[in-house]
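If you read the sequences in order, they're chains A and B. Per our numbering, the very first residue in the first sequence carries number 1; after that it's consecutive. Per our numbering, the very first residue in the second sequence carries number 1; after that it's consecutive.
It should be emphasised that the hints constitute simulated quantities derived from the structure, not laboratory data. All the pointers check out, no bait thrown in.
A few chain B residues facing chain A, derived, Cβ under 7 Å:
#, residue
1, G240
2, H247
3, S463
The beta-carbon is built from N, C-alpha and C at its ideal position, and this holds for glycine as well.
Single-letter residue listing:
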Amino acid sequence: MAAPGAPGARGGADGELSFDAVIIGAGHNGLTLGAYLARSGLSVGVFERRGEEGGGLCTEELTLPGFLHNVHANYHTFVGLAPAFRHLELTEEGLEYVRPEVQMASVFDDGRALCVHTDAERTHASIARFSERDADTFRRLQEEARSYVDLMLETFMYGPPVGLNDLTKALVTFGLDERSEFLEAKLRGSTIAQFLDRHFESDAVKAHLAFHAAICGYATDSKGLAIGFPLLVGKIDNWQLCLGGSHRLAHTLWRDLVRHGGLVHVQCDVERILVADGRAVGIELADGREVRARQLVASSIDVEQTLERLLADDPSTAALRARTGELRHPAWSLFSVHLALSSAPRYTAAAFDPDVDRAWVINLGYASAAELIADWQAVRQGRLPDPHPNAAVNSLFDARDAPPGSFTGLLRQIAPAKPQNGSIESWDEVKDAYATRCIETWQRFAPNIGEAVLASAIDTPADIARKLVNMRGGDWMVGEIALENLLDRRPLRELANYRTPVERLYMCGSTQHPHGFITFAPGYNALQVIARDLDLEPWWRWA
Amino acid sequence: MSGPPSTYDALVVGGGHNGLCLAAYLARAGWSVALLERRHEEGGGLNTEEPSIPGFYHNLHAQFMEFLDYMPFYEDFHLERMGSRWVYPEAQCGITFADGRPPLIIHRPDLLERTHRSIARYSSSDADTFCELKRKTMEIDQALAASLYSPPPPIEQGALPNPLDNPLIAPMFAHLGLDPAYTLKSPKVIIDELFETPELRMLLYRECVEWGTPVDMEAGGTAFVMSVLWLSAIWKLMIGGTHTLAHAMTQACLREGVTFLESAEVSKIVLSDGRATGAETTDGRTFSARHVVASSVDVGQTLLDMVGGENLSQLWRRRAEHFRYGPSHVLATTAWCLTEAPHYRSADLDEEIDRCFYTVVGFEEPDQMLDYIRAAYGGHIPQPGAGMWVNSLFDPSQAPAGRHVATGWFFFPTADRLDEQGWDEIRRTYNDRFLEVWSRYAPNINPSTVLASRLYTPDQMDSKNRMRFGDFSNGAFAIDQLNSSRPFPEAAQYRTEIEGLYLCGASSHPGGGIHAGCGYNAYKAIASDHGLAQLWEANGRIY
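Isolated chain B, as found in the complex (with noise of 0.2 Å):
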């Protein structure tokens, strides 16, 4: 009657999806597993809630999924089977304008000629260019995912790091015909190169970032395949939630026999002899590992917070300490309760737009695009202008019945830009700023049908999940924190210089974005030092 067992093969430090997904497959590999979650609830930034009227549902973080066709957990687990569902909306993201100009929507890739004519009421040649490189990425997809799902090329000892030291990168330009030059230039050279619809281009900025690829990053040229060309427009809808896929990703590490122990933050990662042998969490419990302790927390917090940077050799902590979070992936979630879904003025030249899954608003101009990316990377509040959800028009279990909900993101700067009045003062007032905005392209959202809303800020994302500064990719996009040299390059490989510690969450390779990938491809380098079996490659995959 004691609680559960003590000691463990394997501790894997926070329940978001990547802890989630290296437990499930090193307790399929044989292993008594633990995982030590510090909220109340699996899934982290897989969090649903109902924070204004109940029956409301928004997703506080994560919104679409656009690799759930690819994510090996969801696939050799049978995430379906535990209960997850999605639906693939046709319209995929667009952005509206209020004074009469038709809205451009890219739709999902198997319906390419709406999308080719909704480009080409501005411009054949940009909508034969878009098209064309959608169609071509679109068949090279497997080896993408490859690149996501396995462990970046390493670094030799000694040797220069190179962000293009990667033998998918000539293949892939030469596949999509992209002149190799670009891969030194930033996505938003590259977009005002290919494209020259103005209207375009300040969606694609929009799109670059919405995957955490910051518009003006030099050597962005592979970033730009993979954000703007591969997954957009490749995004699902959890039915009931993102929530839900936190719970079927549970309900898979159940049946493996996964021990869950909630309320468990951990304060300290226990060594013995130089070797991670447990931790200890801030209640004073504490646990054991008999091989691996494994964490999915940023590599800030895991090396200098729990193991301590007295325990870590001269260059490992100049590392950790120099490791950076934001200003890209910094965001705030605007979440409203609405009587009627919104009804866009430029529906009347194409209805579509009311059926867009994802539709940026508030922007006329590429500068102002651009202004506002670069406001909040610059560490200030941006103009309002957002990108909206209404995901109640696809899952009506979102909202009660009649009614509709709307998430949008905001992208703002890092929680420290301003204080905690600061933060109180954009919580009461900017969504009231925002649905001005909102308002002049949609006529019908205004205060009479809007219920309730809440503002959901990059300070609160800190407190409630330890992104730290609001950083939900556990470490800002740069070329310099990306593939063979994230979080760093002697940690890329996952292994940390303590033995028998690793890392598994989106500080790592490939980064955010609810993949698995970081929790999968721990895995591999815990299998491989472990003698564990190889359970990737299941069912033809290759990766």
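Next up, chain A with everything else stripped away, as it sits in the complex (with noise of 0.2 Å):
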């Protein structure tokens, strides 16, 4: 034991740092990369920048005290879907989730609302009271998506990518504009809109499914999105609810990982990995420590940190690192307000339908799917639209998120990376009265809401980049969803099955197929690489 006084003191002396696999970054896929890792008997060290652990898995008391906020990920829609949750034993743990009976709804201007339940019945007959069309077609589209959307999103989700030419032809070998009413091939040259138009007649059933795809990161107007269209409407049943938190997910995972021998260190910002004879062999942490890796290092964060810091000197990156201008990052971003409530929101809307009141996502007001494009079009010019946020409450579902009686709000709303073409600091200016815009709105399909605000916290894009470095510019899925950047073209091709150039260096984030969004797939499949070159034992595939 150092005597107290003893000069120049400085902890760390305890050890030197070695593992056999070193993670750069310790959001959702780093963990579950390390946990796996850590299963398969490797030891294992995760090096996070921030205070905690989760990236954008984050819950924090922004407003006041005992009122927990997720300020990232609320919503999560692979529950039971990714191989995480069986491998990794996460509800042995603790973690527990809800599934809200009515997942989401659209309450329009007009006083009428739409209403997504978990029950499909009661969907059709939602949708029936504005087309009965429509609620027949969405009853067979949904259907159909769920005859097939867990087996793709096994096959082409949780495994290295494929190439959109070879899904094409194994689409089409398989039959399946014969077979499918609604997936196709050419779907890959149409836009979300497109696709609606074609299928459905309701402006305000359009709206709802646009707005769907909006909050899953796919832009209505991008061409070639519609292709992923029915496999978001697969699992538009499936949105669920972390109770305590989405932290408790990123919890979950760093206690699974160091029961198993992993170790994460927080607050450890990564200099530099480095390489010899071309080959990773360690990281250098931006306070001058070593950590050797034995076998292989992994980064979850951005392809740009990495080439361009991480890799800053590396010869074998150079030509990768010249293209990071290539990279595609979309204009938009997610303007969110958390507000502690002393009610919840009682919608005009419920005379309508009484199930807006409790359902968990609310579309605040955008009747047509032509409103979401000229919105979308708005922030792609640095413009800020007028407000139409979407907003969920938790505690409706969650009675620990708030103190009793009380209630979590969260608006979130389609938002310019740099507003008024500026730069993205000038969010700082413009937020407060942007936020209170927001909450109008929600004040106009809700009218209590008013006076049940006791406090609020702005999360804007600029806040996302400053918290989440790795989300540049705002980027919360560290890579645009457009079809130019996905699959084996995400984030470049040459990084697209989770190698680098660099020897045992491999990428595991959610620059990675599939994408960001939490589905662990990242991490998952740069795992079954590492395996097949380190020769591990597969224990995850039978169990």
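Both chains come to you apart, so use the hints to assemble them.
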């Protein structure tokens, strides 16, 4: 034990830092990969720049003590599907989810409301109030999508990417166009808005479905994204809330990792990946310490930091480094207002459909897909759209996230990454007024909200970028969702299979196939590649 | 798939550092242990957050670590290997003046000549006295530590409690060459008798309350030695914020197999045949304990709220009802995001003040300091003045590059002295009032260099951490609530009158502060009652 007063004393001398696997970034993908590797018998060290593990899985008391707000990830749609839930026994660790019966709703200025339930019959009844035909169409779409969504996602998401042409060929060979009413190869040339126009007649129904895609990060007017839309519908009733806050998932993954011998070192910014003879052998931390990696290094952070900062002097990646300008980031991001509320919203539209008062995620006011497209265009041009935020009150389903009798609320609005064509920092000047407008919009549909607000906290695209620096410019998907930036083109063809030009250096974060969101897939898919390279026993295949 | 098991050998209520410590030792001794934490994060007062601008980390409670060199938990569970790291600043605590007087700075004990030089600018005899006392105190630091990391001497039933009945005191005073009559005096009286310099007296008054000892507490001689002579100026700074220590402690617990139950607020300690056999949570979960329920929550909440007064004897009920919180140990944390570090006027005379770990700002005369302390203890909001830490001077990870983060303490009245609106008003205005003061001492700190500030008040500490009335030591420091009488004589050995129920939190000896001594001593009591391994006195430790 060092004597107090030892000159120059500085903590950190107890044990050199050396692991079989070193992972950069403790978001859910880094933790997932780490937990699998730890369960495979490797010693694992995860190094995280922030003070908490989880990345976007952060839950904080942003407004008042006792009010837990999910700062980023709020909706978990791959619960039960992602292999990690089974393999890592997450529920045994105490992870709990709730799947609200009324999943989503749209409320419209004419006082009507549309609800998507977990019960398909009730969804049908709700849509039928707008259009009988659309209700039938939606039922067929959902049934069809359900018949293949799990298989398709398991095949195409939870494995290294295949090329779009190979994917198309496989679907054609399968006879998709004949077998399916909705999914067809030519959708790779269509926008979601076109898909909706083709199949649906009611503006309200189309607005709600476009809104659903928007929340998933799929722009209504982006060419090619229609091909993913049936898959979104297949999971439209599987939106789940992590009880106790999304951060609990991060804690659960962390605990699994540590129980199996791994460690997470927080507040450890990584400065460099150490490469010797073309092979990754460790990392250097910003404070100068070196961490040895005996078998591999995996980066779960963005490509730019990985190439430009961590590999700045590495010759084997110079060609890729020169191409970071090609990486696609959207011009839009999310603007959030977190609220502490003294009462839950009571919607005027509850007179039309009482279920809206117990719906989880609510579209406030988009009455047509065209309105959404107008907003997409506005945000891409750096203009603040008239607010059409979506609202979610988690406390309706999780009594632990607010003091008794109180509620948390979240308003979220698609927004330009750089408002007014200025810098991202200019958000600091406009955020207060815009937040007020968002709250006023909510009040228009739920008049009691005005008096219910106890406190609020704003999270702008600039704040996202400050807090989670790998979400560059507020890019919460860590790479745009666009056909040119998916599958084997994500993030660049040369990096798409999770390997890099540096031997034993892998990419395992949301930059990779499939994309951001709480999918666990990039980490899981990187594991498949690493297992092959390291000759690991794939115990998870039969678990 | 049903979540974690519901029966354990021991349940530990509360996941602060004392609860974590006890859980780790019990698990190492071979017991199955579950730790129930009301919040979504472990660590209790070890919480570091980004309450204003992302990237600026503030320690909302615990700031400096004076026990790391002594803490058995730290050594026995290799917390540095678990990710804990610290810096030991050279200039430890100082006071700065606005009027051209030189600052007074107390340096680390291994740099006593610098301390001597600083005090000697005012009085060479004070410099001699202080440095000699500090040197001699550090010679017996292990014995002083042993008094914290051991249960207090028991009071025989029926005997009169006597705070001086401690075998440590007489030899300690003899070693230090201090007048034994000081044992009965208050720290203020002792400071005034020992030192002639008003500026030094002011700093030492502040040092005294820093550890929670009221300056006017009679029979405070031992507390003076502990807080002013020993524990001052041996302060470490946790790299990455104090929550990283909680993180390392949690990883240590996970390695030992402790089960973590978060968002698990205990509403009731279950009794069967008068024995504590389990705990119920507010959301209706029940957990059973085969042997022990240990509570690190304060004694009032444990006995009155969780056990229930009706299950206590008349004496215990009376004791619990009259256990006092505050007025000592109540503070507000002021948090600042700065574009530059403070540059004090008095740095012209000693530039070390700009690199001082803890700097007292806003006090010119001893009476001003006493008025401040007495106002807070008397239930009034004092005139602004603070002790400030600029942790980013020593640890760049706590602020964005090129920025600085300052955190300070205001000693404040207990939460019940103002109503909700009153505290709201303080939160809105008090930081600005302090800024005017601070600017007089450090002119470069003004509205143009302040990016944001937040004030975290005693009522919020109550609602966030259940530190009743904002009392972060879970019970007043007063001669009748210390040592063998903490929390009250019958409960001072960590056992309660309920079989199987133990106390392991800061309302037990040695009280508040991040030493994990309450949990460690509770382990000693439990181990001796249940025949568990004597895991203490490892590595040649005398406690």
